[in-house]
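Here this note's numbering is used: the sequence shown runs in plain steps of one and ends on residue 710.
The set of hints was computed from the structure by calculation and includes no laboratory data.
One or more hints might be untrue.
[What the hints assert, rightly or not] Label pairs and their calculated CB-CB ranges: (1) THR426 <-> LEU224: 22 to 32 Å; (2) ASN84 <-> ALA594: 57 to 67 Å; (3) LYS358 <-> ALA436: 24 to 34 Å; (4) SER132 <-> LYS358: 28 to 38 Å; (5) GLU554 <-> PRO324: 21 to 31 Å; (6) GLU672 <-> PHE95: 44 to 54 Å; (7) SER132 <-> LYS92: 22 to 32 Å; (8) LEU224 <-> THR73: 16 to 26 Å.
Even for Gly, the Cβ is constructed at its ideal location relative to N, Cα and C.
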Amino acid sequence: MNKILVFLVSCSFVFSALGQSKKITLEESVLQQNRQFRADKLLGFQWIPDTNKYIYFAESGKKLMTASTTNNTATELISLADFNKALGTDLKSFFGIESKDSSTFTISNGAKFYEYNTVTKTGKLTAEFADSEENQTYDTAKENIAFTNKNNVFYLTKYNQKVQITNETNEAIVSGQFFARNEFGIDKGIFWSPRNSYIAFYQKDQSEVADYPILDINETPGKLESIKYPMIGQKSEKPRVGIYSLAARQTVYIKPRGNSDDYLTNLSWTPDEKYILIAELNRGQNDMSLNVYDAQSGAYVRTILNEKNNNWVEPEHAAYFPNPKSNNFVWFSEKDGFQNLYYYSIEGKLIQQLTNNKFPAREIVGNNANGTEIYFSATGENPTNMLAYKVDLKGKQTLITKDLGVHTVAISSDSNWFFDEYSNHTTPSKSLLYDANLKATTLLQSTNKYEGYEMGTSEIKTIKAADGTTDLYTRLIKPSNFDPTKKYPVMVYVYGGPHAQMITNSYLDGANLWMYWMAEQGYLVFTVDNRGSDNRGFAFESVIHGRLGVNEMEDQMKGVDYLKSLPYVDGNRLAVHGWSFGGFMTTSLMLRKADTFKVGVAGGPVTDWKYYEIMYGERYMDTPAENQKGFDEASTLNYVKDLKGKLLLIHGTSDDVVVMQHNLSLIKKFVEAGKQVDFFPYPMHKHNVNGKDRVHLMTKVLNYIIDNNK
């Protein structure tokens with residue numbers, strides 16, 4: 001690891017100041033990182049099924065290009081203008097295109113769904129939905145479409161007939177949508193069976209979940225809109241899984257086998273459609289069973305495995321079936337400390353532990369044609385990378401990608417070709433095509449889009465955590481005219497929470513472009529991924545359990561110690577900024593390490609964990625009844641009297657993730673303590689401030705730091 005680290009640091013990209021005259025504006029840094037300055041890529045790359053051909057977008061999605069493994073010189077398959085003319089629509093780009101077969105693709109334009117044949121050059125409107133009809137989900141043949149209308153589930157046949165599956169008049173019972181607040185890897189609520197005989201769907205009963213008011217100021221007078229928000233320790237959703245038979249036109253339901261508010265997650269179908277696998281997790285999130293249910297009756301069949309942990313168990317991946325003729329499956333588990341892959345039979349026998357790595361497997365990206373090799377992404381030994389591997393069913397593992405960096409891989413239908421697109425510290429983007437022997441052909445290598453602009457340097461290093469042994473990764477951005485004989489103020493950008501990693505071996509090292517703009521204003525911009533952050537294994541991540549903020553702050557203070565050891569750092573001019581969990585960290589540091597930072601800006605901060613949602617919050621903090629000491633220790637409301645520096649608090653007034661009660665409760669405490677702070681709301685914005693208003697946000701944040709850190 002040390003050799004890799006030295007290489008990364010020594011290759012730190014430095015743009016010579018000679019001949020550079022252009023400066024990136026703050027507006028450009030906020031809006032153009034993934035537009036004007038986006039590296040050249042084969043955007044939207046997809047393999048055409050059952051062929052050696054692939055497609056991708058050109059001209060920002062205005063052209064659909066095609067090439068093959070035998071001829072990688074791309075030609076235009078169809079232009080957006082010709083497509084729109086053929087179908088009488090006004091599609092703005094080809095983003096969202098999906099192959100139906102080797103010559104046909106589907107795409108939607110709002111509520112309208114289209115099909116286009118690339119051989120006959122003809123297309124048709126296949127479906128049109130009303131505004132209230134959402135969550136459209138194709139079956140595996142891309143013929144029928146399941147969807148939701150308000151809180152009920154329907155499906156539209158290929159003959160344009162609408163069939164109602166649920167008929168819940170109680171609007172608090174919601175079917176076919178995500179539930180559990182998108183935790184546990186849940187990102188949808190409808191699941192077609194492999195042969196399209198059934199539709200499974202999530203259902204949540206929110207009848208007992210508290211209503212939370214959000215003010216809509218766009219009406220006169222203002223109007224309160226209620227959302228269902230399950231707060232820690234209070235009433236939660238009650239889930240079920242419905243299984244609808246298209247032939248019988250009947251639905252059976254699966255309930256949790258434990259308490260009614262336990263979680264049903266990670267739903268998957270067996271290839272023969274006989275069974276559904278569901279991970280049932282207790283509300284305390286420390287006891288998980290992977291259960292098998294009969295698809296026809298919904299009856300419980302067996303428990304394949306059970307995992308318990310005093311901190312938490314967090315299933316995030318559904319069972320993966322590599323062979324369409326077998327019910328044997330691959331399961332993700334981090335029971336040995338790192339997320340690895342295990343191969344099970346449907347009867348519950350562990351056939352083989354496929355991987356035994358001391359780094360986490362992240363996603364399965366495919367398998368070979370006969371289901372004997374699994375392709376997956378994983379960090380490798382250096383957690384700043386994201387690499388691609390394959391492993392056979394006996395546990396023989398092979399690294400596919402040959403360059404360090406952050407990779408995205410796509411496997412051809414016959415599994416003889418691998419598309420790989422990656423970036424790293426010195427490479428803006430490179431697109432490669434690997435054959436079955438892992439011989440690579442370069443398809444595209446991007447130029448440096450920042451050439452000719454004044455850009456600083458970034459370097460990745462490691463420091464020791466507060467435990468004295470664990471390595472933490474740091475990123476330090478310096479201005480282009482950096483002078484080691486000068487003293488520089490520092491802005492520390494912090495997130496620090498679970499499921500996030502700020503520092504990666506990608507171009508710009510995972511930083512936002514506005515951080516480089518800030519460096520050009522004469523700042524150093526510093527980040528450290530403390531214990532509790534992502535991609536480091538269970539021990540690293542679970543040290544936060546029950547005491548959110550404690551170990552994270554101690555690691556951030558080790559970062560401060562490192563900064564103060566640098567001869568060019570002005571230790572009296574440190575600022576800190578973060579959003580969401582980073583807002584919690586910023587506020588905590590300003591109050592609990594009050595002599596450290598002169599100025600802080602906290603956006604959308606969690607200020608007291610008792611106001612946060614059940615699914616995330618109870619995993620890391622349990623409930624107040626179980627852990628009142630931990631809640632009191634973490635609550636920023638208990639430290640307002642200790643504030644010394646300048647603090648700006650920011651919140652979107654329609655935030656439905658970290659509700660505004662967090663910030664208002666903290667401000668009330670500041671008022672009671674006679675402490676002056678600054679507050680800025682973003683009306684009608686949710687948890688993130690996006691679009692052109694984000695320029696206003698970052699101007700507010702960075703100017704506040706610059707003005708108050710002199």
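A range of 28 to 38 Å was offered for this pair. Does it hold for the Cβ distance of SER132 and LYS358? violated (50 Å)
Does the Cβ distance between GLU672 and PHE95 fall inside 44 to 54 Å? Hint holds: Cβ distance 50 Å, inside 44 to 54 Å.
That 24 to 34 Å hint for LYS358 and ALA436 (C-beta), does it hold up? holds (29 Å)
A range of 57 to 67 Å was offered for this pair. Does it hold for the Cβ distance of ASN84 and ALA594? Roughly 59 Å apart at Cβ, these two residues keep to the hinted range, so it holds.
Outcome for the supplied range 22 to 32 Å, where the beta carbon pair is SER132 and LYS92: Given about 23 Å between the Cβ atoms, the range holds.
Does 22 to 32 Å hold as the CB distance between THR426 and LEU224, or does it fail? Violated, at about 53 Å.
Supplied distance hint 21 to 31 Å, evaluated on CB atoms of GLU554 and PRO324: Given range 21 to 31 Å: violated, Cβ gap about 50 Å.
16 to 26 Å as the expected CB spacing between THR73 and LEU224, which holds or is violated: About 59 Å separates the Cβ atoms of LEU224 and THR73, which means 16 to 26 Å is violated.
Checked against the numbered hints listed earlier, the structure breaks hints 1, 4, 5, 8; every other hint is satisfied.
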